[in-house]
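J.: One letter stands for each residue in the lines below.
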Amino acid sequence: QQQVKQSPQSLIVQKGGISIINCAYENTAFDYFPWYQQFPGKGPALLIAIRPDVSEKKEGRFTISFNKSAKQFSLHIMDSQPGDSATYFCAAKDSGAGSYQLTFGKGTKLSVIP
Amino acid sequence: GAVVSQHPSWVICKSGTSVKIECRSLDFQATTMFWYRQFPKQSLMLMATSNEGSKATYEQGVEKDKFLINHASLTLSTLTVTSAHPEDSSFYICSASAGATNSPLHFGNGTRLTVT
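Here the protein sequences come in this chain order: A and B.
Going by the working numbering, the letters in the first sequence line up with residues 17 to 130, in that order.
Going by the working numbering, the letters in the second sequence line up with residues 186 to 301, in that order.
Bear in mind the hints are in silico, worked out from the structure with no lab data behind them.
A few of these clues could be false.
[Said to hold, decoys possible] DEER-style ranges, computed between Cβ atoms: (1) A/Glu42 to B/Pro225: 24 to 30 angstroms; (2) A/Gln97 to B/His192: 29 to 35 angstroms; (3) A/Glu75 to B/Thr301: 41 to 47 angstroms.
[Unchecked claim] Using 25 angstroms as the maximum straight-line C-alpha spacing, the simulated DSS-like pairs for lysine-lysine come out as follows: (4) A/Lys73 to A/Lys125; (5) A/Lys21 to A/Lys58; (6) A/Lys58 to A/Lys122; (7) A/Lys87 to A/Lys74; (8) B/Lys226 to A/Lys58; (9) B/Lys226 to A/Lys31; (10) A/Lys125 to B/Lys226; (11) B/Lys251 to B/Lys240; (12) B/Lys249 to B/Lys199; (13) B/Lys226 to A/Lys21; (14) B/Lys226 to A/Lys122; (15) A/Lys122 to A/Lys74; (16) B/Lys205 to A/Lys58; (17) A/Lys58 to A/Lys31; (18) B/Lys199 to A/Lys58; (19) A/Lys125 to A/Lys31; (20) A/Lys21 to A/Lys122; (21) A/Lys31 to A/Lys73; (22) B/Lys205 to B/Lys240; (23) B/Lys199 to B/Lys251; (24) A/Lys84 to A/Lys73.
[What the hints assert, rightly or not] Derived coverage of chain A by chain B (criterion: at least 3 residues anywhere in the stretch with Cβ under 8 angstroms from a Cβ of chain B; other residues may be distant): (25) 51-63; (26) 119-130.
Built from N, CA and C at the ideal position, the CB exists for glycine as well.
Model the full assembly from the supplied sequences, consistent with the hints where possible.
T.: Following this line, the structure appears as structure tokens:
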């Protein structure tokens with residue numbers, strides 16, 4: 017059973033456009049929702065994260081929107097640049113899982129074309 | 186920011202041999218480390234949780250005798266792939282947490298293992 021569903025699987029955006037990646041979850045015990053960016057051959061890097069007590073968090077060009085009632089959260093990349101081309105993973109942490117075990121979505125490959 | 190160093194970044198070994206991968210937290214003490222496996226174009230699959238000074242907890246379906254994990258200090262965890270076979274070829278990634286539930290999870294740069 018996939019606990020975090022991520023879409024789309026791949027995304028092509030023009031330079032300067034907005035990239036939007038969506039995730040949905042079912043486990044109401046999730047209490048932390050990070051997004052990771054991964055370049056080929058590299059490990060994931062934490063991009064931005066949100067907790068369910070806020071509906072939006074913005075850091076530079078990256079914004080997370082969180083809808084607790086719908087159990088959905090999304091990543092928006094404003095003014096997308098070719099350097100943003102990477103695979104993005106949403107994740108969620110179960111408050112009862114102990115320490116910091118994350119459940120990952122399947123990833124979205126973003127390509128930003130000039 | 187917190188840095189997790191993983192070594193080697195890539196390794197090629199012959200079938201039947203063992204390979205050790207190191208994961209170090211460079212500027213913080215990691216009471217917990219996680220080992221993931223990632224197949225091409227797929228998500229990260231948690232293999233095991235490594236706690237300093239205690240036995241690792243393996244996820245269902247992961248052979249603990251094949252993937253030996255040692256977390257002997259607060260800054261080092263190792264994953265040894267024993268008697269490697271071609272199907273063990275994959276990208277292995279470690280991550281580390283300082284322990285508090287609000288601590289971010291930091292990832293190493295991964296190790297590409299190719300078993301010939």
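J.: Identify every previously stated hint that the structure contradicts and give their numbers, smallest first.
T.: none
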